[in-house]
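Undergrad: Top line first, the protein sequences correspond to chains U and P. The opening position of the first sequence corresponds to residue 1 in the UniProt record's numbering, with each subsequent residue numbered one higher. The opening position of the second sequence corresponds to residue 1 in the UniProt record's numbering, with each subsequent residue numbered one higher.
If you are wondering where the hints come from, they were derived from the structure by calculation, not from laboratory data. Accuracy of the hints is not assured; some may be wrong.
[Said to hold, decoys possible] Straight-line alpha carbon distances no greater than 25 Å define the calculated DMTMM-like cross-link-like pairs of lysine to aspartate or glutamate that follow:
hint: 1; chain 1: U; residue 1: LYS127; chain 2: P; residue 2: GLU118
hint: 2; chain 1: U; residue 1: LYS105; chain 2: U; residue 2: ASP82
hint: 3; chain 1: P; residue 1: LYS410; chain 2: P; residue 2: GLU383
hint: 4; chain 1: U; residue 1: LYS128; chain 2: P; residue 2: ASP315
hint: 5; chain 1: U; residue 1: LYS127; chain 2: P; residue 2: ASP179
hint: 6; chain 1: U; residue 1: LYS117; chain 2: P; residue 2: ASP16
hint: 7; chain 1: U; residue 1: LYS111; chain 2: P; residue 2: GLU383
hint: 8; chain 1: P; residue 1: LYS286; chain 2: P; residue 2: GLU137
hint: 9; chain 1: U; residue 1: LYS37; chain 2: U; residue 2: ASP82
hint: 10; chain 1: P; residue 1: LYS147; chain 2: U; residue 2: GLU174
hint: 11; chain 1: U; residue 1: LYS127; chain 2: P; residue 2: GLU112
hint: 12; chain 1: U; residue 1: LYS127; chain 2: U; residue 2: GLU166
hint: 13; chain 1: P; residue 1: LYS169; chain 2: P; residue 2: GLU118
hint: 14; chain 1: P; residue 1: LYS199; chain 2: U; residue 2: GLU174
hint: 15; chain 1: U; residue 1: LYS127; chain 2: P; residue 2: GLU383
hint: 16; chain 1: U; residue 1: LYS63; chain 2: P; residue 2: GLU192
hint: 17; chain 1: U; residue 1: LYS101; chain 2: U; residue 2: GLU2
hint: 18; chain 1: U; residue 1: LYS111; chain 2: P; residue 2: GLU204
hint: 19; chain 1: U; residue 1: LYS53; chain 2: P; residue 2: ASP282
hint: 20; chain 1: P; residue 1: LYS219; chain 2: U; residue 2: ASP82
hint: 21; chain 1: U; residue 1: LYS129; chain 2: P; residue 2: GLU137
hint: 22; chain 1: P; residue 1: LYS344; chain 2: P; residue 2: ASP270
hint: 23; chain 1: P; residue 1: LYS199; chain 2: U; residue 2: GLU22
hint: 24; chain 1: U; residue 1: LYS37; chain 2: U; residue 2: GLU22
hint: 25; chain 1: U; residue 1: LYS48; chain 2: P; residue 2: GLU60
hint: 26; chain 1: U; residue 1: LYS129; chain 2: P; residue 2: GLU61
hint: 27; chain 1: U; residue 1: LYS129; chain 2: P; residue 2: GLU177
hint: 28; chain 1: U; residue 1: LYS63; chain 2: P; residue 2: GLU111
hint: 29; chain 1: U; residue 1: LYS204; chain 2: U; residue 2: GLU2
hint: 30; chain 1: P; residue 1: LYS286; chain 2: P; residue 2: GLU299
hint: 31; chain 1: U; residue 1: LYS63; chain 2: P; residue 2: GLU118
hint: 32; chain 1: U; residue 1: LYS129; chain 2: P; residue 2: GLU111
hint: 33; chain 1: U; residue 1: LYS127; chain 2: P; residue 2: GLU177
hint: 34; chain 1: P; residue 1: LYS117; chain 2: U; residue 2: ASP82
hint: 35; chain 1: P; residue 1: LYS37; chain 2: P; residue 2: ASP295
hint: 36; chain 1: P; residue 1: LYS367; chain 2: P; residue 2: GLU383
Small disclaimer: the values here were computed from a predicted structure and weren't measured.
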Amino acid sequence: MEQITLALAKGRPASSTIKLLEETGEHFSELHEDSRKLVFYNEDKTIKVIFVKALDVPTYVEKGAADIGIVGKDNILESQADVYELLDLKIGKCMFAVAGKPGQKVDSNQKLTIATKYPNVAKKHFKKKGQDIETVKLNGSVELAPLIGLSDFIVDIVETGSTLKENGLVVLEEMDYISTRLIVNKASFATKSAEVQNFINQLKSAME
Amino acid sequence: MQRYILDNNKNTNVDDFQVRDGLIQKIKSRFHTYGYKQVRTSTFESYDMYSDVAGTVNREEMIKVIDSSGHVLVLRPDVTIPLTRTTALNLSVPNSYQRLFYVLDVFRQSEEQVNQKESTQAGVECFGENSPEVDAELIMLSIHTLKDLGFNNFKIEIGHAGFFKELIKQTKLSHQELDVLLSYVQSKNIAEMTPYLQKLSIDEKVQSAIVSIPLLYGKPDEVIKQAKSIILNKKMEEILQNLTDVFSILQDFGVEDAVNFNFGLINNMDYYSGVIFQGFVDSIGKPVLMGGRYDHLSEQFGHSLPAIGFAFEVDLLIHALIQQGLTTNQSKPIDFTIQYTKQKQKEALHLAYQLRDKGYTVLIDTKAAALNNSGASCVIRYEETQNTVKIDNKEQVFSNSIELLSLIEKGDT
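Excised from the complex, chain P in its bound form:
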């Protein structure tokens, strides 16, 4: 027999799925309580849309499909872009809020992780206004959800796309030089960044400001104080004020201990326009959630629509939960088993219907062996001579279903 090695055989057994579903349910109900409504986007998207929208998904990472008419499609590599597009195009009342969330699979391929082509994202997008209140509430939602999942040691790192961008504007770096600089900032590699900057002809004040960016990390109060000393213009001052405002709202939410500021957080700078944040849990090297403000994305679809959002990496969250022993058995227990002889089939089936109608989980069979080890709290037997029910190890005889149901209700109370 030919053995097939499948790409993605993770979390496909019954227990794993219960853990996954339990986690998704928790996330969904938390998103609901902040007024978000669930939506879905199409699995197939236009390749052209993704390649036209600047600064988003790497073209090589998308999984392409050609349909019968020769159009190139991609398997949904991201949810935010199609969601922004439909929201921008369908906005009936300008400036009205749209709070949307999704739990969807996204598809990407990369050289480093050939076997990881699909992953599940659970995310929210808030369209309508750019204000510190909206930003802070969204960050609060991410913290609240992580708490729901049982994580006790996690941190949300907050930065701003504009702060570093303003510094770069003061220089005349080429694309390649900027790429090198970005990789130094992202790995906080000051040892190599300092000599590299000295080689380039950059104003000394700007240079020392850039060098201090990776060090602007830690408790928000302290970072804000340090950041004041490298402000070069009005724009940077406004950005710092914006971050200060966001933090003071988070303080009033009572979650200041869950956040750090990280000015070296500069991934996807072309895409994000304001606050950027990511969340880490213990021992997982990659962020379990990422998000930020992306006010300019909708402009690529001809509309202006301020927006902010974030997404959880569901697979990483599951991995973290398992690693930290935080998974609980989510599967619903069996309430009843009914074993019957053929002569009493009609009675037994009717009872099973009644119980299931009331919302109980019922297993039914003619053979006792099929019902063993079900873990049911209540065992019902229809035998030729008598009917018995065993509730909490106490066996009783009953004549019809009405009598049985009253026995069960007594047992429940």
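Next comes chain U alone, as it looks inside the complex:
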């Protein structure tokens, strides 16, 4: 058996993914979300786990630095990586949405300014609607942008909507549904078929 490399997203989504991995029966010593280590192995060293920044997971997988990745759909959409998306792990559920001040109308004849952590997702959404936009890429506290006049609207992930509410914003348009997905490098799927399929099947049965 050849070794397969699995890229996981650091931070918030890690804990539920680790739980799922444990349920497959593979044991990773020292693997827990607070660990500072970035590389882990299972007992027979057939699986190598690496921790990388969530948005980088699709890139690692697309370029072949990892064979498999487990990451949120939001990051897959934003990175536009050319990979196989084989499983919906049904965890970390939320959605993309256009949000703004209550009563605002999203459609306009004028160019809109959209603040977002996900400029590619925003561009794609508004292009489909035929709406001209300009994006402002922010790395956090996106909700602030419409309040201080930096943008007309924001595009962001919405889980419960409470952050929006506390800042006086509302969802104006719902976009894509998001959850944690399993992605696979296209070459690995061809050259390491057996190993990759085996891992997917383990994960599938752990989900049931």
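Take the given structure of chain U and dock chain P to it, following the hints.
TA: Coordinates of chain P only, in the frame set by chain U:
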């Protein structure tokens, strides 16, 4: 000083070029052994030709140039189209075979890879007949070449443009709906495809057939068996038979382990008409080769000419070779160095000519320092008092070039 950041400064040093040239030589000699002859197409092509030919190169990706008379030209964005055009127009005897290959740069720009405007393709085109034998032999050629390059873990994925097209014909999808569906099939995203299909009004049998397309992947025998269960009409049955035939020929070539079937392989469906295939090597996420049958392309130039071809992405292959440590030093070693004093210049230059004429690589200089570290296996010195030659650390004296050449021949044997 103004510093310029160049677009494409990759593989421009001497060693990199030797690796690149060695790889291209291997590919070329393999293409030769299957009876293919090298050709080239013009670097400038007509923009109108590319924009008229349906389903080929994205107009935005082409690099346009305007000549002095105002005609819009493009830098060769692809080789197959001009090659098909000239072959179709110049075919003197109908149904005669044309086996052509090329190693040429193609030029495209895309938003994702702004700095990657030029890339080298090494490809073959076989014009003349549509048969499983021709298809299988071309796939065999791609496998044979990958083996030559030293890859031991690679896979050729084979699919068919018509199989999925037939399924789509059973539905009434709009362009946008089809685009969404295609992206789901290409990423094997069944989790999202299933609910999406249920929303559209499609016959249940067709729906379940479409959902199973991404899963029709793996060992050809098994995929063929599974595919039988979703066949809806005669046409699909013929396609599956065609693929079965191609695979059985590949088995007789003895390369069944190098191929997988992938029915979800549906890129450029408008362009390809039959077998489609692509090749992957370890750890490179993009296919290093792509190809397929495109029988209808020549019809756009008013002729009917069955054709199949594929092309290697040379830059990706080099990247893969380097990553897997498969590059060997291709550069030819220096055979001789000749150091001489000015008085014996005539003798020395004459000897250098003779040796080079025999095909040896010779460096010559009056200063010893210029010849140090050349790694030459044989060092010749013309000094004022004597002439010496050092072969394999054994130093000998010689009087003239005839004596020297006989010493060298002795050393060689």
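Undergrad: Checking against the hints above, which ones are violated?
TA: 1, 2, 4, 6, 7, 9, 10, 12, 13, 15, 17, 18, 21, 22, 23, 25 and 30
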